[in-house]
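Spelled out from the first residue to the last, the chains are:
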Amino acid sequence: MAYQEYQAEAEAIVQQLNLTQMTVQGLDRAVSAIEAMQSAVEGQDILVPIGSGSFIHARLASREKVILNVGSGVSIEKPAAEAVENLKVRRTEVAEGSKKLNEVLAKIEEEMAKIQSVVEKYQAGSEGVVQ
Amino acid sequence: MSGQLPPQIQNQLAQLQQLQQQGQALVNQKNQIEVLKKETESALKELDGASEDAVVYKNVGEIFLKAERATLLEDLKERKDLLELRLTTVAKQEERIQGRFAQLQEQLKEALGQVPPKGG
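Those protein sequences? They're chains L and G, same order as listed.
Counting from 6, one number per residue, gives the positions in the first sequence under the working numbering.
Counting from 6, one number per residue, gives the positions in the second sequence under the working numbering.
It should be emphasised that the hints constitute simulated quantities derived from the structure, not laboratory data.
Certain hints may be false.
[To be verified] Straight-line Cα separation of at most 20 Å, EDC-like style, residue types lysine to aspartate or glutamate; simulated pairs:
#  : chain 1 : residue 1 : chain 2 : residue 2
1  : L       : K70       : G       : E57
2  : G       : K50       : L       : E87
3  : G       : K35       : L       : E14
4  : L       : K70       : G       : E73
5  : L       : K70       : G       : D58
6  : G       : K43       : L       : E101
7  : G       : K71       : L       : E82
8  : L       : K93       : L       : D33
9  : G       : K35       : G       : E46
10 : G       : K63       : L       : E82
11 : L       : K70       : L       : E47
12 : L       : K119      : L       : E108
13 : L       : K119      : L       : E47
14 : G       : K71       : L       : E69
15 : L       : K93       : G       : E44
16 : G       : K43       : L       : E98
[To be verified] Examples of chain G residues lying across from chain L (beta carbon under 10 Å, computed):
#  : residue
17 : L41
18 : E44
19 : T45
20 : A48
21 : K50
22 : L52
23 : V60
24 : V61
25 : Y62
26 : N64
27 : R84
[Stated by the list, open to error] Here are the simulated distance ranges between beta carbons:
#  : chain 1 : residue 1 : chain 2 : residue 2 : range
28 : L       : G58       : G       : Q34       : 31 to 39 Å
29 : G       : Q27       : L       : Q12       : 18 to 26 Å
30 : L       : V94       : G       : V40       : 15 to 23 Å
31 : G       : V65       : L       : P54       : 15 to 23 Å
32 : L       : A7        : G       : R101      : 41 to 49 Å
33 : G       : E73       : L       : P54       : 26 to 34 Å
34 : L       : I61       : G       : E83       : 29 to 37 Å
35 : L       : P54       : G       : V40       : 26 to 34 Å
Note that the structure is a prediction, hence the values are computed from the model and not measured.
Ideal placement from N, C-alpha and C gives every residue a C-beta, glycine not left out.
Take the sequences, apply the hints, and build the full model.
Structure follows, in structure tokens:
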């Protein structure tokens, strides 16, 4: 029973780790986009993603203003440099969370290995018993 | 195994299991509300720290509507209050379920103590 509980917990953590990994990638993409925007010129033709690998044509209205989602359905306009700073802070927080999750996962795997070894010893012992 | 138990005990066992499921559902609900509350607090902090003339938007589905910072601050405060209220309600429900669970568990222990062992 304990083994199954550990296993379920480990699976949940792996799922969370995948999500944090995706979040980190998203944050990296946002930072790259803002940084790349610095070398663009205002009025330049750009393609804006609308999902599923599809795009619409647009013109860059501002290189300096970035709208950042701060959660709870609220977004704030920030200067590009501040936005990058903010996204990098978020990335560090997510990476820190991911590190902690990895530590918990390692402990769970350790406990699972202990249980497995006890079960193996028990099985080896009972195989020797002829009924 | 439960087939050997008196119907009343079987019934109590089923109730206990149901209470356990209800308790787990409430814990999940509480966790979800806590996550939303944390997100709201973080958004409030960001918005509060932004300058008074900051350009802010409210996300509505896929579109962003330009909004007043003061209005959004009010909205977020209301949302936070509402989430806190929901947390209190869920915590009370959880407490009630835990109480009922403990009571039923005691009753079951007593009843099982009185059941003569079968087989043997």
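Tested hints:
1. Note on L/K70 and G/E57: the hinted pairing holds, with a Cα-Cα distance of about 17 Å set against a maximum of 20 Å.
2. This hinted pair checks out: G/K50 and L/E87 have alpha carbons roughly 16 Å apart, not beyond 20 Å.
3. Under the criterion of a C-alpha separation no larger than 20 Å, the hint pairing G/K35 with L/E14 is consistent with the structure, at around 19 Å.
4. At roughly 18 Å between alpha-carbon atoms, L/K70 and G/E73 fall within 20 Å of each other, so this suggested pair holds.
5. Restraint check: the Cα-Cα separation between L/K70 and G/D58 comes to about 14 Å, which is no more than 20 Å; the hinted pair holds.
6. Under the criterion of a C-alpha separation no larger than 20 Å, the hint pairing G/K43 with L/E101 is consistent with the structure, at around 18 Å.
7. Of the supplied pair hints, the one linking G/K71 and L/E82 holds, its CA atoms being roughly 10 Å apart against a limit of 20 Å.
8. Note on L/K93 and L/D33: the hinted pairing holds, with a Cα-Cα distance of about 8 Å set against a maximum of 20 Å.
9. Among the hinted pairs, G/K35 with G/E46 is consistent with the structure: their alpha-carbon atoms are about 16 Å apart, no more than 20 Å.
10. With a CA separation close to 11 Å, the supplied pair G/K63 and L/E82 stays within the 20 Å bound.
11. Under the criterion of a C-alpha separation no larger than 20 Å, the hint pairing L/K70 with L/E47 is consistent with the structure, at around 11 Å.
12. A hinted pair counts as satisfied when its Cα atoms are at most 20 Å apart, and L/K119 with L/E108 qualifies at roughly 17 Å.
13. With a CA separation close to 61 Å, the supplied pair L/K119 and L/E47 exceeds the 20 Å bound.
14. The suggested pairing of G/K71 with L/E69 holds, with an alpha-carbon distance near 18 Å, which does not exceed 20 Å.
15. For the hint pairing L/K93 with G/E44, the CA-to-CA distance comes to about 18 Å; that is within 20 Å, so the pair holds.
16. Only pairs whose Cα atoms come within 20 Å are accepted, and G/K43 paired with L/E98 is accepted, the gap being roughly 15 Å.
17. With a least beta-carbon distance of about 8 Å to chain L, the hint placing G/L41 at the interface is held under the 10 Å criterion.
18. For G/E44, the shortest C-beta to C-beta distance to chain L is roughly 4 Å, which falls under 10 Å, so the interface hint holds.
19. At a threshold of 10 Å, the smallest CB-CB gap from G/T45 to chain L is about 5 Å, leaving the interface hint in force.
20. The criterion of a C-beta within 10 Å of any C-beta in chain L is met by G/A48, whose closest approach is roughly 4 Å, and the hint holds.
21. About 9 Å separates the beta-carbon of G/K50 from the nearest beta-carbon of chain L, less than 10 Å, and the hint is met.
22. Below 10 Å, beta-carbon pairs count as interface contacts, and G/L52 has one with chain L at about 6 Å; its hint therefore holds.
23. Taking 10 Å as the C-beta cut-off, the interface hint given for G/V60 holds, the closest approach to chain L being about 4 Å.
24. Residue-level restraint check for G/V61 holds (minimum Cβ-Cβ distance to chain L is 5 Å; threshold 10 Å).
25. Hint status for G/Y62 relative to chain L: holds, with the closest Cβ pair at about 4 Å, below 10 Å.
26. With its C-beta approaching chain L no nearer than about 4 Å, G/N64 sits inside the 10 Å limit, and its interface hint holds.
27. The criterion of a C-beta within 10 Å of any C-beta in chain L is met by G/R84, whose closest approach is roughly 7 Å, and the hint holds.
28. At roughly 37 Å, the beta-carbon separation of L/G58 and G/Q34 lies within the given 31 to 39 Å, and the hint holds.
29. At about 25 Å, the CB distance of G/Q27 to L/Q12 agrees with the hint of 18 to 26 Å.
30. Checked against the hint of 15 to 23 Å, the pair L/V94 and G/V40 passes, with Cβ atoms roughly 20 Å apart.
31. Separation of G/V65 from L/P54 is about 20 Å and conforms to the stated range, judged on CB atoms against 15 to 23 Å.
32. Distance hint for L/A7 and G/R101: a CB-CB separation of about 30 Å, inconsistent with the stated range 41 to 49 Å.
33. A C-beta distance of roughly 29 Å is found between G/E73 and L/P54, which places it inside the suggested range of 26 to 34 Å.
34. At about 36 Å, the CB distance of L/I61 to G/E83 agrees with the hint of 29 to 37 Å.
35. Distance hint check for L/P54 and G/V40: the Cβ-Cβ separation is about 28 Å, which falls inside the suggested range of 26 to 34 Å.
Checked against the numbered hints above, the structure breaks hints 13, 32 and satisfies the rest.
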